[in-house]
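Visitor: Residue numbers (numbering that gives the first Met the number 0), protein chains in the order written: chain A, 0 to 299; chain B, 0 to 299.
Derived from the structure by calculation, the hints contain no laboratory data.
Take the hints with a grain of salt, since some may be wrong.
When chains are identical, the list treats them as one kind, so a pair holds in a single copy or across two.
Under the rule of at most 27 Å between Cα atoms (straight-line distance), these lysine-lysine pairs were calculated in the BS3-like manner [unchecked claim]:
#1 K256 / K295
#2 K76 / K175
#3 K189 / K295
#4 K126 / K116
#5 K256 / K188
#6 K189 / K126
#7 K295 / K126
#8 K175 / K189
#9 K175 / K247
#10 K295 / K116
#11 K247 / K295
#12 K295 / K280
#13 K76 / K256
Number of protein chains: 2
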Amino acid sequence: MPLVVVGSVALDSVETPHERRENVVGGSAVYFGLAARFFTPVRLVGVVGEDWPPEHTQLLQDHGIDTSGLMTIPGAKTFRWRGRYLPNMNDRETLEVQLNVMSQFDPVLPEAFRRCKFLFLANGSTKMQMRVLDQCVGPDLVVADTMDHWIRNEPEELRELMQRIDGLVLNDAEAKLLAQDENLVRAGKKILEFGPTFVVIKKGEHGAMFFSRHEMYVLPAYPTSAVVDPTGAGDSFAGGMMGYLAEKNDFSPRTLKEAMAYGVVVASFTVEDFSIDRLLKIRREDIQLRLDEYRKMLMF
Amino acid sequence: MPLVVVGSVALDSVETPHERRENVVGGSAVYFGLAARFFTPVRLVGVVGEDWPPEHTQLLQDHGIDTSGLMTIPGAKTFRWRGRYLPNMNDRETLEVQLNVMSQFDPVLPEAFRRCKFLFLANGSTKMQMRVLDQCVGPDLVVADTMDHWIRNEPEELRELMQRIDGLVLNDAEAKLLAQDENLVRAGKKILEFGPTFVVIKKGEHGAMFFSRHEMYVLPAYPTSAVVDPTGAGDSFAGGMMGYLAEKNDFSPRTLKEAMAYGVVVASFTVEDFSIDRLLKIRREDIQLRLDEYRKMLMF
Chain A
0 MPLVVVGSVA LDSVETPHER RENVVGGSAV YFGLAARFFT PVRLVGVVGE DWPPEHTQLL
60 QDHGIDTSGL MTIPGAKTFR WRGRYLPNMN DRETLEVQLN VMSQFDPVLP EAFRRCKFLF
120 LANGSTKMQM RVLDQCVGPD LVVADTMDHW IRNEPEELRE LMQRIDGLVL NDAEAKLLAQ
180 DENLVRAGKK ILEFGPTFVV IKKGEHGAMF FSRHEMYVLP AYPTSAVVDP TGAGDSFAGG
240 MMGYLAEKND FSPRTLKEAM AYGVVVASFT VEDFSIDRLL KIRREDIQLR LDEYRKMLMF
Chain B
0 MPLVVVGSVA LDSVETPHER RENVVGGSAV YFGLAARFFT PVRLVGVVGE DWPPEHTQLL
60 QDHGIDTSGL MTIPGAKTFR WRGRYLPNMN DRETLEVQLN VMSQFDPVLP EAFRRCKFLF
120 LANGSTKMQM RVLDQCVGPD LVVADTMDHW IRNEPEELRE LMQRIDGLVL NDAEAKLLAQ
180 DENLVRAGKK ILEFGPTFVV IKKGEHGAMF FSRHEMYVLP AYPTSAVVDP TGAGDSFAGG
240 MMGYLAEKND FSPRTLKEAM AYGVVVASFT VEDFSIDRLL KIRREDIQLR LDEYRKMLMF
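Just chain A, same shape as in the assembly (with noise of 0.2 Å):
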């Protein structure tokens, strides 16, 4: 089934105690449909500006992402985030947030686009969130993504938001903003009353969990010595998450189980390159051999 992902597109600088990278592609729908496209074929809703390299367009469809979607801004310029990675490299300060065309950011879903069966909204202004989902005709399963700007600041949204989605995903610092609980199984609980049928906490390099009524699971991440750049791993688990439920159709808690683990082995490749270059370089095959070693892993 086709996945639709709308999300921001940017150019991500990034620094590390080893090195750095300048306006390198990133952006919560690009990691996402890299991390989907493995399952699915992917449509890709965002925005850039002028400034935006057209090749970087081309390498999307290069790889079986459409991006009808994607609009370009005259005279504008594409979103771009700064960050620096503190020595253990999962956690972050981010320098400098530039939101440029992400500021006005009000997509129209292609025609093509409006029937999804299969939607994910990352990151972005629960408003906007609002706004497709308007758009999309009778979706099977839709899943979010917040972050603790909404949860302060679209309070009343993200609450009405919850009552319209399949799942929630967001991480552990948000879970705790969003619940006002620290501890995360509690947390995790009480975001399912606020309406979604299933939320996942990303808990970057300790794996992520799961709720439903009838379920609450963790799965740590792949443990991989090979970290060089951990942005978009977060993103790249719900792509690698829901383009496996989109190709199976469907989203059995078993599927979801087996979809949670699609996400956690992508995410592992996501981190072992900057930016984009991993997600580019690998097969489903290595994907489909690492889920076989992780779930091996987890056998006893």
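Since the structure of chain A is already known, use the hints to place chain B on it.
Guide: Relative to chain A, chain B alone:
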């Protein structure tokens, strides 16, 4: 197989965001012993002062722990630790340490303890750990714990100890310090090169990692919403692990992995109440039930 543990016996004072307890039973050997006794007879070696209430010793005996190796130093005081947990209930600050009897702890193993097949050297001076090892006749499996203080202050001795033990158990911050590497996967592999056949890195609420020449894996913590007091989680993890190995009288890779899982599960009980209270209440069947759930949680 009987299991000998040498370590601290303490009176702890614990503050959490919700409650506090003064002078409750604690210490690495106590938590370890009470976790291991579900699986195998435990022989405890430690030291207390005159202020140690004899009913605490009775309590340990009532729970199947052989305390004939617990010395009382007349006129001296028991080791005391005071700590405060941060709201996340994972990180803590040590507010006060009174070494008291631990400062000259020089254990003499009772004759009956010397032919121990399974030995755990809980946290303590590396020199002391080595003197204990000297007293053991042909143990089959020796595992040690250590901490930042000894890594910094007895590095030579620790190097020597690591050549003489089978397994080293330590927490994430300690592993990074010992290996001088911020990546835990690399850190674990480096520590293996120092000598132990296997290394276990405890990650608190994020579970534990296992390293041997041929294998590396991560197991998440069992998720619990009822975290009341995390004190002793690491020691009871080690107790559950070693207890299971001693019960099976085996330390094949497969049994080691099962043992890790038992350690995770026992630790998840420990944190559900203050001090040793939860460990005193549960039965082996409770551990087994939770282990089965945990196994299922990790299957996909």
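Visitor: Which earlier hints can't be squared with this structure?
Guide: Going through the list in order, the structure violates hints 2, 7, 9, 10, 13 and respects the others.
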